[in-house]
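As given, the protein sequences belong to chains A and B, one line each in that order. Okay, so the first sequence: first residue is 4 according to our numbering, each after it adds one. Okay, so the second sequence: first residue is 4 according to our numbering, each after it adds one.
Derived from the structure by calculation, the hints contain no laboratory data. Treat the hints loosely; a few may be bogus.
One copy or any two copies: either way a pair holds, since identical chains are not told apart in the list.
What the hints assert, rightly or not - Heads up, simulated DSBU-like pairs for lysine-lysine below, C-alpha to C-alpha not over 30 Å straight-line:
(1) 250 x 154
(2) 35 x 266
(3) 154 x 167
(4) 167 x 197
(5) 266 x 197
(6) 167 x 250
(7) 197 x 43
(8) 306 x 167
(9) 167 x 259
(10) 167 x 266
(11) 154 x 95
(12) 250 x 43
(13) 35 x 119
(14) 259 x 95
(15) 43 x 167
(16) 119 x 250
(17) 266 x 154
(18) 259 x 197
Please read these numbers as outputs of a predicted model, since none were measured by experiment.
2 protein chains.
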Amino acid sequence: MRKHILFLSCAVLAIPALSAVAEEPTTEPEIKTLLEDAQKHFRPLPAVPAARSERVELGRRLFFEPRVSADGKVSCAHCHQPALYGADGLAKSKGVFGRANARNAPTVFNAALQFKQHWRGDRESLEDQAQQSLLGPASFGNPDYAAAMAKLAAIAGYRDLFAKAFPGENNPITVENWANAIGAFERSLLTPSKFDAFLTGNANALAAAERTGLRKFMDVGCVECHSGAGVGGETFEKFGVIEDYWKETGGAEPDKGRFDVTKQDADLYVFKVSSLRNVAKTAPYFHDGSVASLPRAVQIMGKAQLGTDLADQDVDAIVAFLGSLTGPVPANFSAPALPEAQGQ
Amino acid sequence: MRKHILFLSCAVLAIPALSAVAEEPTTEPEIKTLLEDAQKHFRPLPAVPAARSERVELGRRLFFEPRVSADGKVSCAHCHQPALYGADGLAKSKGVFGRANARNAPTVFNAALQFKQHWRGDRESLEDQAQQSLLGPASFGNPDYAAAMAKLAAIAGYRDLFAKAFPGENNPITVENWANAIGAFERSLLTPSKFDAFLTGNANALAAAERTGLRKFMDVGCVECHSGAGVGGETFEKFGVIEDYWKETGGAEPDKGRFDVTKQDADLYVFKVSSLRNVAKTAPYFHDGSVASLPRAVQIMGKAQLGTDLADQDVDAIVAFLGSLTGPVPANFSAPALPEAQGQ
């Protein structure tokens, strides 16, 4: 059975429970039940190792390195900016020479938790994404990997950094090691929030409004897809289970999603479920960035995915809960001084 | 008398002293003399106030804010990157839609010390530069200031930040305050180095090779222009006093420099003297970024400005001295989390 069919049935099952759970969990037993229910659906973020390896530190440099791109201006950080919570605030991102990407740039924070990368899941891992982006015409825009690696190898300081990060290799400046180092860095970009404190047993970590929103989020059916450590990012689903998504989002030409990758009818309008970690900080929303407001995005999801017209107070409660998924920007997500090119 | 004529005569006066000072200052009296001579020409950087005002903190946010640009990708940090010592590593910088600038982007570090901004001095101050960049077709590319400020005002979080930074103003989100806040932030971006420790009396702060280079730098005549706290940045000079600069740099079409601003013959090929603070970290060199190697840039300056063929060991010594002008990246030159746009 296709996952989005399964999802539909779950959502439909969830709807009858709606009217029974409109109230705020306030008593101690209610909060205890809320915590136990949440623990069935969600996992706290794994711990990030405190030590930063040579590989992570190299990856941090490469992440902020624009000189490897076709126009010398695009680093990973171009679309995954520290100042914008690892995203870029645009509906659709722009790469070398200002070329537009087909879809919105998601935050790189907690991306390591996702089962695949990119909206259509056509990047298998962080490493696959980092590698292929070197050639993407609207990403780094290099003609081939050799050209990209030649640019890195021409910066003397990288020789030592790659050698230390990949000891024992004769020529460590390879596209695979580019990908490995960036992947290692990105795996360190986790953002634990007060929701993790709650999940690990501190029932008071969430404020009353956030608890109400969490209850609603689970009871209304959002949790059927947005679950796990990433609160999403673990499955594919059809966007528009109940009705065509573009009628709600107001986006232009419908994006066929994973269908364009697999050419299978069952993948029409199927996308990777977004992780909702830090969602309050990473507008605009959806694969096409068509919706700027988080409350509006929640309403649309209710309608298009669950066939529910969420009341304003329920939207507000869910938005309050989503705010509890915001963690601080990781301390090591800042630009390091890059090796200088001069003097050769 | 034009400054560059004065400079020429100083340079010529300095040349005869050359042969007398080829040796390394090693004895205590020699080092003491070196320090005293240096103190006549250079000043240590002023202290940066430890407290960060609301205005500086707002300026830090605005510096990293791309949403104010025509394509949503260009912030001040686009051309003044933390990872590249406040510059961008390109020969000529690129702004919105990948449009090329006419000249190289200098580092923003210590820019506050310069008497004017931009290579041709056609920006009077940091604030003037910050303001005009909003409209520059190859900078932020806005049609007018109102359009730029409307983008800022649409981001709810800025209302409070501007109100706190400019208390008592009815509508503080103005282009003047954009400029004031960014100027305040940039004034905090000073990079004291071991040269400052030397200048303030620690004669041992410079290594032997650096002292030799400093002696050479002063005796050969570089110091006639590259002086003061910025080791440059205080005057205009002709590039190519002795011979046409483009014959040495290999740059294409000669840039007429300040002549194109003032239309005065005396300003032909005149540029602002570059500050040499952090020069080892900010290749490529010159207004057109035509030279990638610092030793080569030093050779060219010797030839084009002083009529001197510097020996390789003298070039190496000067490059060693210039390395002592590298300070750490300022701690507050990192991207802050920006106010989110969503929720309105």
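Hint check results:
1. 250 x 154: Close across copies (27 Å), not inside one copy (46 Å); limit 30 Å.
2. 35 x 266: For residue 35 and residue 266, the Cα distance exceeds 30 Å both inside one copy (46 Å) and across copies (78 Å).
3. 154 x 167: Within one copy, since 19 Å is at most 30 Å while 45 Å is not.
4. 167 x 197: Between copies only: 28 Å across chains, 37 Å inside a chain, cut-off 30 Å.
5. 266 x 197: neither (41 Å within a copy, 63 Å between copies)
6. 167 x 250: Result: close neither inside a copy nor across copies, 53 Å intra and 41 Å inter.
7. 197 x 43: For residue 197 and residue 43, the Cα distance is within 30 Å only inside one copy (18 Å; across copies 58 Å).
8. 306 x 167: Answer is neither: 53 Å inside a copy and 40 Å across each miss the 30 Å cutoff.
9. 167 x 259: Intra 44 Å, inter 46 Å, cutoff 30 Å: neither.
10. 167 x 266: Intra 44 Å, inter 55 Å, cutoff 30 Å: neither.
11. 154 x 95: Both ways: residue 154 and residue 95 sit 27 Å apart in one copy and 18 Å across, limit 30 Å.
12. 250 x 43: neither (34 Å within a copy, 73 Å between copies)
13. 35 x 119: Answer is neither; intra-copy 34 Å and inter-copy 65 Å both fail.
14. 259 x 95: within (16 Å within a copy, 40 Å between copies)
15. 43 x 167: Neither, since 42 Å and 44 Å both go past 30 Å.
16. 119 x 250: within (27 Å within a copy, 54 Å between copies)
17. 266 x 154: neither (37 Å within a copy, 41 Å between copies)
18. 259 x 197: neither (36 Å within a copy, 59 Å between copies)
Going down the numbered hints, you'll see the structure goes against 2, 5, 6, 8, 9, 10, 12, 13, 15, 17, 18, while the others check out.
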